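Given chain A's structure and the hints, the job is docking chains B and C onto it.
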Amino acid sequence: MSQAEVAAEAPVAEPRRRRVLSERARAERKLGWLLCFPAALVMVAVTAYPIGYAVYLSLERYDLRFPANTAFVGLANYWTVLKSVDLWWRAFGVTTLITVVSVGVEFVLGMAVALVMYRTLYGRGLIRTSVLIPYGIVTVAAAFSWQYAWTPGIGYLANLLPSGTAPLTGTWSAIGIIILAEVWKTTPFMSLLLLAGLSLVPDGLLDAAKVDGANAWQRFTRVTLPIMKPAILVALLFRTLDAFRIFDNIFILTHGAANTRSVSILDYDQLFTAFNLGVGNAMSVLIVIAVALIAFIYIKAFGTAAPGQEVRR
Amino acid sequence: MALQTTGRQRWGWIGADLLIIVIVAVPLWWLISLSFKDPSTITNGSFWPTKWTLDNYRGIFSTSLFTRALINSIGIGLISTFISVVLASFAAYAIARLEFPGKRVLIGASLLIAMFPPISLVTPLFNLWRIIGLFDTWPGLIIPYITFSLPLSIYTLSAFFREIPWELERAAQIDGATPWQAFTRVIIPLAMPGVVTTAVLAFLYAWNDFVFAISLTSTNNSRTVPAALAFFTGASQFEQPTGSIAAAAVIITIPIIILVMIFQRRIVAGLTAGAVKG
Amino acid sequence: MAEIKLEHVTKRFPDGAEAVKDANLDIGDGEFVILVGPSGCGKSTTLNMIAGLEDITEGDLFIDGERANEKAPKDRDIAMVFQNYALYPHMSVRDNMAFSLKLAKVDPETINRKVEEAARILDLTQHLDRKPAHLSGGQRQRVAMGRVIVRDPKAFLMDEPLSNLDAKLRVQMRTEVSRLQKQLGTTTIYVTHDQVEAMTLGDRVAVMSGGVIQQVGPPQELYERPRNLFVAGFIGSPSMNFLPATIEGSRLHTPLGELELPDDKRRRLEERSSVPRQVIMGIRPEDFEDAAMVGDKAERGTITRAKVDVLESLGSDKYAYFTVQGERATAAQLEEVARDVGVDEVSGTHEGIQVTARLDAASKAAEDQEIEVWFDLGKVHVFDPDSGENLTL
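So the protein sequences, as listed, match chains A, B and C.
With our numbering applied, the first sequence corresponds to residues 122 to 434, in that order.
With our numbering applied, the second sequence corresponds to residues 49 to 326, in that order.
With our numbering applied, the third sequence corresponds to residues 41 to 433, in that order.
Be aware that a few hints might be false.
Unchecked claim - To give a feel for the contact side, a few chain C residues facing chain B, derived at Cβ under 10 angstroms: (1) Phe102; (2) Met120; (3) Met333.
What the hints assert, rightly or not - What the simulated footprint calls covered on chain B by chain A, stretch by stretch (three residues with Cβ under 8 angstroms from a Cβ of chain A suffice, anywhere in the stretch; the number is not a length): (4) 60–71; (5) 191–200; (6) 236–245; (7) 264–271.
Stated by the list, open to error - Now the in silico label distances, taken between C-beta atoms and shown as ranges: (8) A/Leu247 / C/Arg170: 45 to 55 angstroms; (9) B/Gly156 / A/Tyr239: 55 to 65 angstroms; (10) A/Leu247 / B/Gly156: 37 to 47 angstroms; (11) B/Thr115 / A/Val165: 32 to 42 angstroms; (12) A/Lys331 / C/Ala401: 47 to 57 angstroms.
Keep in mind that the hints were calculated from the coordinates and are not lab data.
All values reported here derive from a predicted model rather than from experimental measurement.
From the three backbone atoms N, C-alpha and C, an ideal C-beta is built for every residue, glycine too.
Next comes chain A alone, as it looks inside the complex (with noise of 0.2 angstroms):
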């Protein structure tokens, strides 16, 4: 405040005129850098500096049981992962088949359940409840009672099949009770984005498609679904990230047995059973990278529909 009036004071000159301007404006600017200063430091302390920290130990052979034996060895530890058919690539491909599967079942499921809790008259707050739950419950809470469902001699869906089948332990089964799993925690959250995209197509648009001559099927796809197009992308993308990077379900399930790993899995296991740390943080930096390759492609696919910009108003 002095500072002004001893500005006020003196004479008036151009240049001066300016610094004032320019000092407010650098006022709000540093109200803004303060406010987001402890937010932004949270988030990169905690992913930015440990994911340059795991690049840093992929590049060492640095095994937990012999830390003795630690050295700088370049990129060996990545040539070792990706030379692992049997680990890295039948893992990749495990989460692949779970990651297009489960968000394409999602999609379609998600979609219904939106035009049903778009279109109901009775009890909406009841089906936003029920779709809530599943989003909410702890998923190894919801992975217990899908794992007891199909054990056999405990499980009601288990009792169902021939006696002897054990459906946990064969590959194929597993990964499909896996994908139930996915699919009954997440739908929800699929459709609550698509519901949101829902309504956004006004009314009066439905109301002229019908008027033109467009039956309920056309309707859908002609005009609702291109409107939603924005509110798709988001939500596929999120889902199909999300999946990819699926551990809970898989761990209570199978712990990764029958061949069910997923990348994250086969992450953990190098770290915790395996204990080799190069190899593990390796495995995490081709993670990372698979994700951002998801991310760019589906940004692209899309193009200016990016999830980014509707940020801005």
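This is chains B and C only, laid out in the frame that chain A set:
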């Protein structure tokens, strides 16, 4: 004709509603059913307990394994929620209201973190936490939880902040409020629904997490319930812990059902606010 | 209470657009000044600069003789009524009104007394403990007024405070605002786009267009002696008629006939160093009359014949619309007025030029019939089409 169709449609919608409710309810009921089954009947595969008992619940509450984990879950969940909401509300306010270089970078960065695979952090954090002594401590979990709930918190809150008419802030300034007073006495009270929503979402994240919980803990010190469940064992070696796990799973599901029932509308608004805004 | 002074105030946005250009305004203690103009003319920006909600790019703002450019809004001791009232939805009416006093750490007893008193004046006593959401539009408006008057500030700033009310309530609140201002005697700056509000409320009116203050003066002066085409067209309803005209010696050649200007106006034209030959003539609808009803002022004017296209009877008056031959007068400032009224090309779609005349209610004029209309030569204005300047002032 028209009437008939609407009648049929109505039953169709009711049918669809019921189908959704049943699909949601069955796995839940199965857990509840298991948790009330007597050990002698737990393997009968029946969907409905034939012999009801509270033993499973008594059992888990008598072991420190569960009670301690529950305390950890609640404590870690509440603290990380609180910090996340506070940090997010600062950042979200700046994003919604102020112009400053680096804003887009921050938005982009938080989007990246929302996409980040947590498992990739587990390996470096595991080593890092051991070195600096955060391994198997509350802060060791609180810090990653804050990080990963921040992006959604910032999105949700900035969407809510933007809804508040700018005029109110100007009015507060004219009324003699400093920017800080305007923020705490006008903006925050008005954004309260958003703050609550954000808090619920952040809490759900921390409550739910499993990856960090099993990787960055090793004892009862800081193990949360989802992680503890993976280490449950039966009362004796010959006894499967099925009933106990089911009971514990039911216990940690109860707060979620309560939160969802109270805040269902807000959770939906919060989840979708950041993602789909034209 | 205070004087407010703007000296060469300019607002330039980072993209280089100038919202306000070199504004000079001297507002006396207790004066009620209106800033009026079409949307985007810079009037709200001017008000916000006075409030401290926007920075002044160049020039100086003085409040009570003290330079206030860099003062924060809270240090200016100025109260403001916002267009949407900006009532805090989470506070009761009482708390809304008391908020500023609480921030100023006034003792609770005084706050209570002031709030009660304001509520009494504004007839809000029984609503004090309600939330704004439960109030009607008019009540919310009064709360916004109450929030301003409890403070007893140096000045009131009002940003289109009545624009969200329906027409009837608006008229009612207009007199209310006027009465309050007189009663309190607080310096008031009032922004509106409604020229009727401007004319009825203000001690003085500043007409703005394109970021420039076009003219400042008492309402009557703006009406009678508009400095340029914009002010002439903006003030008055219905709007002034503008017709192309040619100056030939002492005579004005117009679509309404050959006019002999009164001596004073002619002298003004002669005094000017250069006067273009092609000019625009302006005459208000109110300065017309049915030739049969003129009475003894007839010799001040002249008579023209016209066929009435449309006749509107308002009971108290009749408005006759007729068409005269000629090209529509064009000038940049007229385009701006037209844009504001939203009638861009309306008069251009007709063959010829439409003229509006207000006639006595007893006039026998009828649609599709020719009548003789008289108009007052003393009220004719002559404008330069390029600069828009009124040449007869």
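Hints, verified against the model:
| no. | hint | in the structure |
| --- | --- | --- |
| 1 | Phe102 | violated (19 angstroms) |
| 2 | Met120 | holds (5 angstroms) |
| 3 | Met333 | violated (51 angstroms) |
| 4 | 60–71 | holds (count 7) |
| 5 | 191–200 | holds (count 6) |
| 6 | 236–245 | violated (count 0) |
| 7 | 264–271 | violated (count 0) |
| 8 | A/Leu247 / C/Arg170: 45 to 55 angstroms | violated (34 angstroms) |
| 9 | B/Gly156 / A/Tyr239: 55 to 65 angstroms | violated (32 angstroms) |
| 10 | A/Leu247 / B/Gly156: 37 to 47 angstroms | holds (39 angstroms) |
| 11 | B/Thr115 / A/Val165: 32 to 42 angstroms | holds (36 angstroms) |
| 12 | A/Lys331 / C/Ala401: 47 to 57 angstroms | holds (53 angstroms) |
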